[in-house]
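What follows is each chain in one-letter form.
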Amino acid sequence: MKKLSKDRLLGIICLLLTAFIVWQTRQIPIRSEQFATVGPRTFPMIAAVLFAICGIYFIIKKPEGPDKVYMTKKEFGRALIMWGAYLLYLALLYFFGMKIAAPIAVFVMALLFGRGKIKWWQALLYGLIFGVCFYLLYVYAFKVRVPRGIIKLF
Amino acid sequence: MSEAMAIAFAKVFSPLGLIYVIGGGVLGMILGAIPGMSGGTASIIILPLVYKMDPGLALALLSAIYIGSTSGGCIGSILLGIPGTGSSIPTAWEGFPMSKRGEAVRALSIAVVCNFIGTLPGLIIAMLVSQPLAAIAVQMGQWEYFSLLLLAVTMVVALAKDNLGKGFVSVALALIISCVGTSPIDGAARFTFGNVYLRGGISMIVILLGINAGRMIIEAYAKNKVIDASVAGKVSRFKFPKEDLARNKLNIVRSFLIGVITGFLPGLGGGVASMVCYAMEKNSSKHPETFGHGEPDGIIANEVTNNAVIGGAFIPLVAMGIPGSGAMIYFITALSIHGIGVGPMLFREHPDVVYLLYISSILAAIAILLAQTLGMPLFPMLLKVPAHYLYPAIIAVAFIGSFLNVGNLSGIVMSLAFCLLGMGMKYFEIPEGPFMMTYILANSMETKLRQGLVNGYNGFWDFLTRPISCAFLVLALISLLYNLFGDKIKAKLSKKSAN
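Read top to bottom, the protein sequences are chains B and S. In terms of the working numbering, the first sequence opens at residue 1 and continues consecutively. In terms of the working numbering, the second sequence opens at residue 1 and continues consecutively.
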């Protein structure tokens with residue numbers, strides 16, 4: 001089966017988005033007759049029209065040579081790992097708050113970026129020092145409210 | 001006016017003001033020097049903390065970072081051959097070969113002086129021009145303002161010159177995301193899917209942290225972008241490039257004017273200006289063959305122009321609330337956090353903030369000149385900051401920024417989603433520039449359009465029958481048609497003249 005070009009795929013996504021936006025836009029309440037012609041539905045409809053025109057254009061347009069590669073499979077896998085590290089940071093913030101989440105997240109990401117160039121204890125030490133400085137700076141110097149987490153360990 | 005200026009002076013020269021301006025300038029310079037990073041990253045991280053700052057001083061800090069980053073971009077370009085910022089690409093073409101043949105100090109000295117030559121007069125021009133322009137702009141009604149914003153958006157689409165279709169996809173994406181939350185004027189809930197966290201809309205900061213900072217670091221990890229900083233050799237002290245500057249008076253004036261004008265036009269920014277100036281200097285040179293092999297004239301053209309853009313970009317921001325370059329988005333966002341709307345009324349309602357922006361920018365330019373001339377031997381050190389320490393710290397700070405901006409963890413969830421959207425946009429080669437610009441203008445556009453229709457008597461006709469509004473719409477149409485068919489017309493004309 002012939003592989004779908006990136007532009008055609010984008011065209012299909014644009015048309016799907018058009019359908020979704022039109023469907024959702026029709027559910028936006030109009031509170032006054034004054035807003036029947038131009039109201040809260042106007043801008044989403046403009047976006048839908050733009051998506052529709054672009055979608056049709058990309059579907060009928062002839063592909064210009066092979067698609068440019070954004071990331072290889074291997075690179076994409078690594079991107080997912082880093083995004084997973086972000087997710088881990090979010091989960092740690094939710095459960096334990098910034099005090100614990102920041103040092104652990106920085107430790108994990110420093111190990112990932114280090115790729116063997118730094119030892120695990122160096123990454124851990126960096127994570128701890130960073131975490132303490134970061135917490136003190138935000139809580140005591142900037143006096144901002146930071147995530148505290150639902151599980152309070154200390 | 002004098003009272004506002006006195007307040008601005010007092011704030012800038014207060015201990016905190018000086019720390020913001022000098023510290024911000026140096027931080028911007030360091031981040032601008034590191035390839036792959038930019039002052040934009042620092043600005044994005046600082047934005048969530050802006051609500052704790054005085055609005056004027058917040059702008060001073062952002063401005064110092066912006067100027068420092070633009071000036072620092074030349075360091076990585078000259079010493080490593082890798083541009084620190086997009087507008088430093090021609091500097092890398094000329095500066096790195098000079099560096100390889102042992103002229104790194106000459107190249108850096110030229111760049112440092114030209115940064116200042118571009119920045120300072122540009123800021124003074126902006127200071128002089130923006131007030132009269134704001135006085136004119138303040139007389140515009142909703143109709144003229146909407147048409148002007150529409151013109152800005154059509155010009156921003158030109159950023160996607162290689163693929164206008166994708167530029168329009170970028171605009172459409174920004175329009176639909178800007179609709180999330182409650183609509184202006186009547187407050188109808190749109191695209192919230194019953195989720196209480198979406199009712200307030202999606203903050204620009206959350207988007208910037210996801211699409212820029214989050215995605216950039218994912219890409220750096222995935223693509224294993226390792227910078228070989230060992231290429232940067234030792235650098236000795238600054239030497240004033242008297243002869244190089246004396247030879248290039250015309251080049252400097254021309255590059256400066258192009259920079260200011262390009263900065264004034266919405267969305268074009270330093271990247272476009274530097275390419276135009278570099279090409280002009282090369283074409284007008286008596287020895288174009290030396291370009292690309294370490295030609296100081298190319299560095300002069302590029303560094304003057306990309307710094308002149310700073311002053312040019314301030315003019316539409318202060319006078320009309322339109323971002324002249326991508327970095328201006330941070331300024332608009334910072335002011336909006338304090339409930340200050342940018343636009344023609346800014347000068348009238350908050351003159352102290354405007355003067356503070358200009359005075360701090362001038363001070364930042366001087367501070368950066370001093371830091372670069374005195375600290376030149378330390379430049380190679382700036383390039384050796386290890387990614388495995390820098391990037392994790394940025395992400396840790398950035399995501400807390402999302403939390404602070406929204407007030408709960410939904411900000412981080414949204415940033416994570418925008419991180420994926422940013423990668424999707426890169427995958428499909430959808431440019432970010434039109435997205436950011438349209439997103440920052442979309443709410444004003446919608447409000448002005450609807451106000452115009454509510455307050456007018458002839459519906460859409462009012463936009464065409466008012467002369468200034470009509471002129472903006474005609475220009476928007478011309479800009480759109482030029483973007484769509486300009487290249488084809490040019491190709492046809494050149495074919496005809498060849499025949």
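Calculated directly from the structure, the hints in this document are not laboratory data. Be careful, since some hints might not be right.
[Said to hold, decoys possible] The list that follows gives simulated cross-link-like pairs (lysine-lysine, DSS-like), each with its CA atoms no further than 27 Å apart:
| id | chain 1 | residue 1 | chain 2 | residue 2 |
| --- | --- | --- | --- | --- |
| 1 | S | Lys100 | B | Lys119 |
| 2 | B | Lys117 | S | Lys52 |
| 3 | S | Lys225 | B | Lys119 |
| 4 | S | Lys223 | S | Lys384 |
| 5 | S | Lys100 | S | Lys225 |
| 6 | S | Lys488 | B | Lys68 |
| 7 | S | Lys384 | B | Lys6 |
| 8 | S | Lys234 | B | Lys6 |
| 9 | B | Lys73 | S | Lys223 |
| 10 | S | Lys495 | B | Lys62 |
| 11 | B | Lys3 | S | Lys426 |
| 12 | S | Lys100 | B | Lys73 |
| 13 | S | Lys223 | B | Lys68 |
| 14 | S | Lys234 | B | Lys117 |
| 15 | B | Lys61 | S | Lys384 |
| 16 | S | Lys52 | B | Lys61 |
| 17 | S | Lys234 | B | Lys68 |
| 18 | S | Lys492 | B | Lys62 |
| 19 | S | Lys225 | B | Lys6 |
| 20 | S | Lys488 | B | Lys6 |
| 21 | S | Lys225 | B | Lys62 |
| 22 | B | Lys68 | S | Lys225 |
| 23 | B | Lys61 | S | Lys234 |
| 24 | B | Lys119 | S | Lys384 |
| 25 | S | Lys234 | S | Lys384 |
| 26 | B | Lys74 | S | Lys225 |
| 27 | B | Lys73 | B | Lys6 |
| 28 | S | Lys490 | B | Lys61 |
| 29 | S | Lys100 | B | Lys62 |
| 30 | B | Lys117 | S | Lys223 |
| 31 | B | Lys3 | B | Lys99 |
| 32 | S | Lys488 | B | Lys61 |
| 33 | B | Lys62 | S | Lys234 |
| 34 | S | Lys426 | B | Lys73 |
| 35 | B | Lys74 | S | Lys223 |
| 36 | S | Lys52 | B | Lys99 |
| 37 | S | Lys426 | B | Lys74 |
| 38 | B | Lys62 | B | Lys6 |
Cross-check of the supplied hints:
1. Lys100/S / Lys119/B: violated (34 Å)
2. Lys117/B / Lys52/S: violated (38 Å)
3. Lys225/S / Lys119/B: OK: Lys225/S and Lys119/B at ~20 Å, within 27 Å.
4. Lys223/S / Lys384/S: holds (19 Å)
5. Lys100/S / Lys225/S: holds (22 Å)
6. Lys488/S / Lys68/B: holds (24 Å)
7. Lys384/S / Lys6/B: violated (38 Å)
8. Lys234/S / Lys6/B: Violated, at roughly 46 Å.
9. Lys73/B / Lys223/S: holds (11 Å)
10. Lys495/S / Lys62/B: Since the Cα atoms of Lys495/S and Lys62/B sit roughly 24 Å apart, the hinted pair holds (cutoff 27 Å).
11. Lys3/B / Lys426/S: OK: Lys3/B and Lys426/S at ~20 Å, within 27 Å.
12. Lys100/S / Lys73/B: violated (36 Å)
13. Lys223/S / Lys68/B: Given pair Lys223/S, Lys68/B holds - Cα atoms ~15 Å apart, limit 27 Å.
14. Lys234/S / Lys117/B: Between Lys234/S and Lys117/B the Cα gap is close to 24 Å, so the pair holds against 27 Å.
15. Lys61/B / Lys384/S: Violated, at about 46 Å.
16. Lys52/S / Lys61/B: Not satisfied, since the Cα-Cα distance of roughly 50 Å exceeds 27 Å.
17. Lys234/S / Lys68/B: violated (38 Å)
18. Lys492/S / Lys62/B: Judged against 27 Å, a Cα distance of about 22 Å means the pair holds.
19. Lys225/S / Lys6/B: holds (25 Å)
20. Lys488/S / Lys6/B: The hint holds at about 25 Å.
21. Lys225/S / Lys62/B: violated (34 Å)
22. Lys68/B / Lys225/S: Holds. Lys68/B to Lys225/S sits at ~19 Å (cutoff 27 Å).
23. Lys61/B / Lys234/S: Since the Cα atoms of Lys61/B and Lys234/S sit roughly 53 Å apart, the hinted pair is violated (cutoff 27 Å).
24. Lys119/B / Lys384/S: holds (19 Å)
25. Lys234/S / Lys384/S: Holds. Lys234/S to Lys384/S sits at ~13 Å (cutoff 27 Å).
26. Lys74/B / Lys225/S: holds (14 Å)
27. Lys73/B / Lys6/B: holds (16 Å)
28. Lys490/S / Lys61/B: Since the Cα atoms of Lys490/S and Lys61/B sit roughly 22 Å apart, the hinted pair holds (cutoff 27 Å).
29. Lys100/S / Lys62/B: With Cα atoms ~45 Å apart, Lys100/S and Lys62/B exceed 27 Å; violated.
30. Lys117/B / Lys223/S: OK: Lys117/B and Lys223/S at ~17 Å, within 27 Å.
31. Lys3/B / Lys99/B: Outside the cut-off at roughly 48 Å; violated.
32. Lys488/S / Lys61/B: holds (17 Å)
33. Lys62/B / Lys234/S: violated (52 Å)
34. Lys426/S / Lys73/B: It holds: about 15 Å lies between the C-alpha atoms, which stays within 27 Å.
35. Lys74/B / Lys223/S: holds (9 Å)
36. Lys52/S / Lys99/B: holds (21 Å)
37. Lys426/S / Lys74/B: holds (17 Å)
38. Lys62/B / Lys6/B: holds (11 Å)
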